[in-house]
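Participant: These are the residues of each chain, in order.
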Amino acid sequence: MEYEAVIGLEVHVQLKTESKMFTTARQGFGASPNTYTDPVIMGLPGALPVMNLQAIEQSVRVGLICDSEIPEFCKWDRKNYFYPDSAKNYQITQYDQPICVGGELEVELTGPSRNVMGEHRKVKLTRAHLEEDVGKLTHFERDSLVDYNRAGTPLLEIVTEPDIRSSEEAVAFLQSLRMHLTAAGISDCDMEKGQMRCDANVSLRPKGSDVLNTRTEMKNLNSISGVKNAIESEIRRQYRVYQKGGTIVQETRRWDADSGMTQSMRGKEDAHDYRYFPDPDLMPVRLPREKVESLRAELPERVFDQQRRYQEQYDFPYTLTSVICFDFELSRFFETAMASYGKNPKALANYIANDLQRERAQSEQDGLLPIIDVKMQPAQLADLVRLVDEGVVAKHNAREVFIEMFNTGRDPEPIIKEKGLADDGDDGDLEAICKDAIAGNAKAAEEFRGGQAKAINSFMGPIMKASKGKANPQKVREMLEKLLSE
Amino acid sequence: MSENAHMDVDYVARLARIELSAEEKERFSGQLDRILEYFEKLNALDVSGVEPMAHAMPLYNVWREDEAEMGFAPEEALANAPAQRDNQIIVPKVVDDA
Amino acid sequence: MPEALYQQTATELQQGLQEGAFKSVDIVRSLLERIDAVDGDIGAYLHIDKADALAQAEAADARRAGGKALSDWDGVPISLKDAIAVKGQPLTCASRMLENFVSPYDSTVASKLKDAGCVLLGRLNMDEFAMGSSTENSAVKPTLNPWNKECIPGGSSGGSAASVAALECPWSLGSDTGGSIRQPASHCGVVGIKPTYGRVSRWGLAAFASSLDQIGPLARSVEDAAALLELISGKDNRDSTSVPEPVPAFRKALGQPVKGLKVGLPKQYFDNSEGLDPEVREAVMAAARHFESEGCELVEVDLPHADLAVPVYYIVATAEASSNLGRYDGVRYGYRSANASDAIDLYYKSRGEGFGEEVKRRIMLGTYVLSSGYYDAYYLKAQKARSLIRSDFAKAFEQVDVLLAPTAPTPAFRRGENTEDPLAMYLADIFTIPANLAGIPGISLPCGFSKSGLPIGFQLLGKSFDEASLLRFASNFEAAHSFARQSPEL
Ligand SMILES: [Mg+2]
Ligand SMILES: [Zn+2]
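Chains as they are written, first to last, in numbering that gives the first Met the number 0: chain A, 0 to 485; chain B, 0 to 97; chain C, 0 to 489.
Incorrect hints may have been included.
[Unchecked claim] Part of the chain B face toward chain C, derived, beta carbon under 7 Å:
1. Met6
2. Val11
3. Arg16
4. Phe38
5. His54
6. Val90
[Claimed, not checked] Taking lysine to aspartate or glutamate and the EDC-like style, the derived pairs with C-alpha atoms no more than 16 Å apart in a straight line are:
7. Lys86(C) x Glu74(B)
8. Lys92(B) x Asp341(C)
9. Lys383(C) x Asp45(B)
10. Lys342(A) x Asp388(A)
11. Lys92(B) x Asp142(A)
Just so you know, the hints here were simulated from the structure itself, not pulled from any lab data. Each residue gets a CB set at the ideal place from its N, CA and C atoms; glycine is no exception.
Build the full structure now, drawing on both the sequences and the hints.
Facilitator: Written out as structure tokens, the structure reads:
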């Protein structure tokens, strides 16, 4: 029998805020242990929660990006369970009335090659609810240590419908979610820093059927490859069980990246009796509709909408759009430069996708120089493109100018002057240099006159050398053609 | 509710993470069942159409701006900790809860 | 007159300080001597740092001498129930669980008192985590009733009431979840106010039941109680349940005429309850007749769901408590069992060993009513019944200005009398619980003594945020009967 996988994801995303979800203690990654705490975070007697408006707004933005319903009313509940990473032994979360209901997110599946667009589809969401993160436990041989820095970080749990059919789709979903959330400044979604964490529910069913069979929940998927490998491994495991006529038990399984296997963690989730009830310390939220609408108005363009627009409006090839649009920092750089000049989008985009990325890679040991540290401003790049378009600097010389701009953050014009790269339109020397070149390679001249157009290229190197790179290739070509046909 | 008016003391004590002695279990069981029986006064009450009341005062949107303040220094946070090492709290080994 | 300083009310002390008749250190020394003399018997205090109290008083005196008094109350001492956090002072909730806990932060009420310059004298005994009506559930020691040491002082703020009655401090703060200020005030013959829910910040009050808890004053005069309520009231950004209502100058309500106003007598509180002691009924009816003689109209009112208050309360309160007390687990602070084999075992043993019986019983009850399969039948139903109780009061206040009722069904009962029967103990709160469920304010004040010499109190209940009316009526009664200024022989 042929099977298909039925996959649902629960993605926890840490929201970008200054302070925690329910108190003013600072939040962030990488501080030394227990430096981001206060009476609320330590669960001291008498401490009380007060909600962070920014976290609520960030959550609404996620809902708006995903076309979710933003109910007028949502409230806070307590999920009671004991674990040392939880300071109160309950988590404040949203049980039956979450901040976002339903919705869908567009994803792009991997295409046949890097240069060809993959299939697009929409993954349906069940809900998204806001809650607080827990602290961090480090296990040692004989004991464990608890650090509460992470505790109380605003966390949005995004739950998909069992609407995903393969590990590739799951990965595409996470990538799309990351692109959209980083673009809107909602989260950094860095899985290595635990800012995005994923649980996957997996079951199998005969292909074409619409039954929902017993599922297992995979936890601890803390990288994209972990998500992919764990789902594939679990699909294979369930397939083997069904092949042998066995049954799947509902359980939580932990992905072990080292062994590449999932292993059972504990019995069925239903054994947990969380005693949810409305949190008496926190008042419910009635989101004013004007607030929701003003958040909607401020949202950035959705990534795939922007990509389609670039393809149509600017006639960009797919590869260029996927480099620019899938990285909000590049697309923001492009948009700003475009707003400054208003012409030649393709040249701007190519400088960003090629030159800027190349220089960022060269100036950082590992990865890319963060965009915030790039000295060159988008308007300066726009200026450079304008100067090329106006013939002030030859295109082949602009690269040198670009590198200097990148390294120093200076404007292009003084650099062009200083380096003497201005295209001054004086062709006197050029004719002499070209004549010398023709005289120096009679064979190529003969070939060209005999109809081999490509032979002209043989003169280019010596001419460039003789002109110290200043010669404009277009003009050289024209000059050569004129001299050779004389 | 009448047939429910009995508490599985072992199960509830496990949920509440409280170890009870055999003697406590027996005493509590009788006392708590009697209290649950008394709660049956609520049985006869018709609450159809009545909204549950989770708060004494009907307030909404009690939120704050996202501004961080200095909280505890680690020494303050851990001042009452029963056991600590490297500015973290020591707990006995965590084994998965069945 | 002149009375010893320990005998004076806070208002009298404040006047003396302003006139320069004595200093704050004189007051604190007088109180410390008094405490040394009587508290060995009464057991109202759990902790006093004498040197620190005197240092606070000296600082207050220096401020006043330099013309920089923080308020009229600068240098006036006060003691707090041991559930209210003061930075650097113990916060034990009279529990083994917190026996070595020192609060690293201030409650909002403590900050306000510090800002006014009050000397935070000591920590007062209570039922463990405020669970009880007799202060017999303190893990440290019981507090005895200053009027009769065979009897309980009431609870859970028993130490707060007894310390004021025994002249061990001029006024104090307690907390009231189901009557825990009013009932001990009644049993000890002092004035106690449970403010409207949301009037006083709960930040720094170790929670028993979040939707019911309120901090409030206990004092020997209505004026003191009103002044203390002014000091601690107001919207607090650290407490999401705190209500942005303006705080009136409560003392302005004192002495205002009551003529022509309507006093409601809830018929269920007088007719139905077989538990109502005839002596109590008589004293409370006499108080009602006082208001009639002052030109008030007495109106019988109906609170049809009154008999459901106790079950509703014990479901809601224990449910919230079972979750609020989850944090006491031996991990970050507090009692940690030395016998645990792993982290999970640490919970079972620390909580099993660290909590007293009544606390364990209530956590069990609250855990049960929230657990899978029982939530709808108990917790959800109780929340709905709570709505009905609140609307009973709303309807009553369409007819009358205040309600008058007994505070407790009997005078203080004998120690040990109800300790084996938790349900009987729960029924002792039958008249005070409804105000907490509805969120409305209440004041208890003394209205006589039983034949055996125990104080009897009555309570006035008002509309939400209408503490001023309660104070107006209470001051009118007090002007004619000065029961609260009588003190037991000690
Ligand atoms: Mg989940
Ligand atoms: Zn979650």
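Participant: Decide, hint by hint, whether the structure agrees.
Facilitator: Cross-check of the supplied hints:
| no. | hint | in the structure |
| --- | --- | --- |
| 1 | Met6 | holds, 5 Å |
| 2 | Val11 | holds, 5 Å |
| 3 | Arg16 | holds, 4 Å |
| 4 | Phe38 | holds, 5 Å |
| 5 | His54 | holds, 6 Å |
| 6 | Val90 | holds, 5 Å |
| 7 | Lys86(C) x Glu74(B) | holds, 15 Å |
| 8 | Lys92(B) x Asp341(C) | holds, 5 Å |
| 9 | Lys383(C) x Asp45(B) | holds, 10 Å |
| 10 | Lys342(A) x Asp388(A) | holds, 9 Å |
| 11 | Lys92(B) x Asp142(A) | holds, 4 Å |
Comparing the model with each numbered hint stated earlier shows that all of them hold.
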